[in-house]
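**Student:** Sequence:
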Amino acid sequence: MKRWNSVVGKLWATILLLMFVVLFVLSILIMQFFQSYVVEDVKKSLIDTASQIAKTLEEHDEFSFALEVAWEILDENTHAIIITDENHIYHSNPEDKKIFDINYFKSDKTLSQVFTIDDSVTKEIEFTQSDEKLNQGLMIGVPIHLVNKTGAVFIYQSLDVMDNAIEATSDIILWSAGIAFILTSAFAFFLSTRVTAPLRKMRESAAEVAKGRFDVKVPILTHDEIGELAKTFNKMREQLEVNMNALKREKEQLSSILRSMADGVITINKQGEILVTNPPADEFLSAWTDSQDNKGKKEIPPEFIDLLNESIKTGKDQSGEMNFGDRYWSFIVSPQFDEQSIRGAVVVIRDMTEERKLEKMRKDFVANVSHELRTPVAMLQGYSEALIDDIAGNEEERKEIIKIINEESLRMGRLVNELLDLARLESGSMSLTFDDVQLNSYIERIGRKFFGLAKENNVHLEVQVNTDKDIYRFDPDRIEQVLTNLIDNAIRHTPEEGLVELKVTSGQNGLILEIKDNGSGIPSEDLPFVFERFYKADKARTRGSSGTGLGLAIAKNIIDAHKGTISVWSELGKGTVFTINLPEQTN
Numbered sequence: 001m002k003r004w005n006s007v008v009g010k011l012w013a014t015i016l017l018l019m020f021v022v023l024f025v026l027s028i029l030i031m032q033f034f035q036s037y038v039v040e041d042v043k044k045s046l047i048d049t050a051s052q053i054a055k056t057l058e059e060h061d062e063f064s065f066a067l068e069v070a071w072e073i074l075d076e077n078t079h080a081i082i083i084t085d086e087n088h089i090y091h092s093n094p095e096d097k098k099i100f101d102i103n104y105f106k107s108d109k110t111l112s113q114v115f116t117i118d119d120s121v122t123k124e125i126e127f128t129q130s131d132e133k134l135n136q137g138l139m140i141g142v143p144i145h146l147v148n149k150t151g152a153v154f155i156y157q158s159l160d161v162m163d164n165a166i167e168a169t170s171d172i173i174l175w176s177a178g179i180a181f182i183l184t185s186a187f188a189f190f191l192s193t194r195v196t197a198p199l200r201k202m203r204e205s206a207a208e209v210a211k212g213r214f215d216v217k218v219p220i221l222t223h224d225e226i227g228e229l230a231k232t233f234n235k236m237r238e239q240l241e242v243n244m245n246a247l248k249r250e251k252e253q254l255s256s257i258l259r260s261m262a263d264g265v266i267t268i269n270k271q272g273e274i275l276v277t278n279p280p281a282d283e284f285l286s287a288w289t290d291s292q293d294n295k296g297k298k299e300i301p302p303e304f305i306d307l308l309n310e311s312i313k314t315g316k317d318q319s320g321e322m323n324f325g326d327r328y329w330s331f332i333v334s335p336q337f338d339e340q341s342i343r344g345a346v347v348v349i350r351d352m353t354e355e356r357k358l359e360k361m362r363k364d365f366v367a368n369v370s371h372e373l374r375t376p377v378a379m380l381q382g383y384s385e386a387l388i389d390d391i392a393g394n395e396e397e398r399k400e401i402i403k404i405i406n407e408e409s410l411r412m413g414r415l416v417n418e419l420l421d422l423a424r425l426e427s428g429s430m431s432l433t434f435d436d437v438q439l440n441s442y443i444e445r446i447g448r449k450f451f452g453l454a455k456e457n458n459v460h461l462e463v464q465v466n467t468d469k470d471i472y473r474f475d476p477d478r479i480e481q482v483l484t485n486l487i488d489n490a491i492r493h494t495p496e497e498g499l500v501e502l503k504v505t506s507g508q509n510g511l512i513l514e515i516k517d518n519g520s521g522i523p524s525e526d527l528p529f530v531f532e533r534f535y536k537a538d539k540a541r542t543r544g545s546s547g548t549g550l551g552l553a554i555a556k557n558i559i560d561a562h563k564g565t566i567s568v569w570s571e572l573g574k575g576t577v578f579t580i581n582l583p584e585q586t587n
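Residue 363 in UniProt numbering is what sits at position 363 of the sequence shown, and the numbering runs on without skipping anything.
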């Protein structure tokens, strides 16, 4: 079935059908022609034979001798009947006497005409001989002119002889047609195979090109139209390979651009189905489907569909915002046009969570700085006005006011300096000065600095150093700043008779420093924010004046600059532990 559906099969079948029709019609015509030719030839031969017999009888005076000559002229399939008058009739075949007597010829209108006209007559006859088989034949009558009388020579021949000749001729024609058909079939198959061979090659090459193999080349076997088609196909394949490579490069470039984009990109069609996404967009969709408020919803937010419909309606970009969980997103829906209409849209999504957090931090920072500066500025303004107005009654009150002004100015200075330090640390512009530090003496010096403060607050301070070696490399001034802040906070938040411990041990990759107290502790809800700027514990848990709220933020930035970590554990009523992992620095 596959062979007949091919070009070879169709071309072969077409040629065979055409040749069959031509040979069939030609065979019929030739057979009819030969049949007519054989009949006419037999008729002419019989007429010639009859005329020859008649001439022989007319030219010889001795009738008996002429009769013998006449019988010799006949062949085995031809019989003759000679009539000289009503009483004299001669038969070449004695059996014919019973069938063809004088009355037979007189009663037949056609045959009897030979006696009245001077021309031959022809008639198809039927006769039965000794085998009692009804035979058909062709009889010819020719007049003869004897002395003082007119007779006739009748010659007949069975049509079986003509039929045998026609049948033999038909067999020859049919065999010739059959042989011609077989030869034509072989030639047609050879011709169709040869003609379609380049087409099959092109089909195979086209199939390989369809699979993405562009290195397949069609061989040029001829220099005719098929050869030109093969050349055109090869040029098309080369151009297609160039175009496909260009499209592949553009696709890879576009894919690379989409993957490297920080913004999410989603391509959707008019039905709201997702076509293309990049990793940030996949992250957004995953966050959307996994969020608590969107369980069981579609994988694309309905806000996108609403803006898509609006964008299709207006043909313009649409923008919006949304948030779920603790994250914020902004997006722009841009319509995609084809030649006639809008086929979909491209959604560009931007994660605004960090920007919102930074904006909130900026606002909180401004508010906190304003709040922290407002009190000392107000006190400086009030006490300076008191000095100007001579409100102080004596020298002692005046000195007290000046002392307060000095303390508040120092407090403002510390706040500004700490803000500058924090800004330099966060921006990375503050460089660390690493040095080899003799650890025991360094820690003891820091501890001695706080023994007096601990004694004033009736708090026990213990310092323990247990390390593998005595020399470690870090920035001593910045680490002292961190320890000073943590120990000062621990002493201020520890009640009387409480304990503050500074433990220094060797870690896997450096030092482990722990500042532990059994003070009031920090609420669990405040723990995530202790390292943020301007964080302050509840004033009710502190004694004396509180700090600026920048110390722990500065401490964390200093430890981060040392590639270390700082963590906190605390429980209300049990105390607080700050743990610092300080990696050992290399030269």
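Just so you know, the hints here were simulated from the structure itself, not pulled from any lab data.
Please note that the accuracy of each hint is not assured.
Restraint-style ranges between C-beta atoms, simulated for each label pair [said to hold, decoys possible]: (1) L174 <-> F115: 40 to 46 Å; (2) E407 <-> T433: 29 to 35 Å; (3) E228 <-> G272: 46 to 52 Å; (4) K10 <-> T110: 54 to 60 Å; (5) S319 <-> D435: 53 to 59 Å; (6) P302 <-> L432: 21 to 27 Å; (7) E225 <-> S319: 55 to 61 Å; (8) E250 <-> E283: 22 to 28 Å; (9) G212 <-> I274: 23 to 29 Å; (10) E250 <-> I274: 20 to 26 Å; (11) I391 <-> D435: 17 to 23 Å; (12) G227 <-> L174: 37 to 43 Å.
A virtual CB, placed ideally from N, CA and C, is assigned to each residue, including glycine.
**Student:** Mind listing which of the numbered hints don't hold for this structure, in increasing order?
**Tutor:** Numbers 6 and 11 - these are the hints that the structure violates, sorted from lowest upward.
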